[in-house]
Amino acid sequence: MRKGFWKRLAIKLTPHRLLPRLGVFERTISAIARLHHYRLTPPTARRKNILKYGKPFIELFPVVKISTRGADFRIEPTETMGESPIGIGIFHNAHYGSGEPLAQVKIGFEKHSVIVEAIQGTKPNANKFVMSNQELMHAFKKATGMTWPRFLIAQVEKHAAAMGFKRVKIIKPEKNPYYEWHLAPRDGKTYPQSPDVQRRMKALYYGVARNMHYRAEGNYLVKELGEKHGN
1 MRKGFWKRLA IKLTPHRLLP RLGVFERTIS AIARLHHYRL TPPTARRKNI LKYGKPFIEL
61 FPVVKISTRG ADFRIEPTET MGESPIGIGI FHNAHYGSGE PLAQVKIGFE KHSVIVEAIQ
121 GTKPNANKFV MSNQELMHAF KKATGMTWPR FLIAQVEKHA AAMGFKRVKI IKPEKNPYYE
181 WHLAPRDGKT YPQSPDVQRR MKALYYGVAR NMHYRAEGNY LVKELGEKHG N
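Take the sequence shown: its letter number 115 is residue 115 in the UniProt record's numbering, and every next letter is one higher.
You may find that some hints are simply not true.
[What the hints assert, rightly or not] Heads up, simulated BS3-like pairs for lysine-lysine below, C-alpha to C-alpha not over 27 Å straight-line:
1. K111 x K158
2. K55 x K65
3. K202 x K142
4. K52 x K111
These are computed hints drawn from the structure, not numbers from a lab.
All chains, please: the whole structure from these sequences, using the hints.
Now the structure itself:
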């Protein structure tokens, strides 16, 4: 887990009544984060549920290290925004200091469930390093034998089972707030989401769920941990 993780997360989760105890900069960052992202965050990924049900899961999540020719990766908890302030991310060794993962699943919690609130990659060439993100993720797949979404969710499933959770639930893409609209950083305004993004979201979420034996249940795609499935 990266140094200062809980301090940074605490700022995002601080209730309004406690903000005066923070410094000016921290109050500003917290207020901005709330303004743009709090209304996108479901109850399962807000302060109460994270601290009540998710803290041991996050603190005890085992860092996974994967080495392959030309690339070294780490899989560990990370701070995020939007659908959840926390996630499990894939970091490349050259990216690690920046705190920006190559890809991540954002998570929330219920008493007996870990919720995958979002499955999120990065732009194909969003870094300044020798290998593009697309090339790095190809190297990751070659090293693990799995696509990155399946690998991350498999890690969530494994740790959730070890921590005593009964199920993992992936939100249906149509229920993700970014399915309908997106926030433009250039002006802070919201705009309708493009049909192309919606198609990609549906293909990603439902494809992963089908391949990993999840079933539809209400707003979620659900897997009971401990169930046996054929290949």
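How the hints compare with the structure:
1. K111 x K158: holds, 17 Å
2. K55 x K65: holds, 22 Å
3. K202 x K142: holds, 25 Å
4. K52 x K111: holds, 8 Å
Violation of the numbered hints given earlier is absent; every hint is satisfied by the structure.
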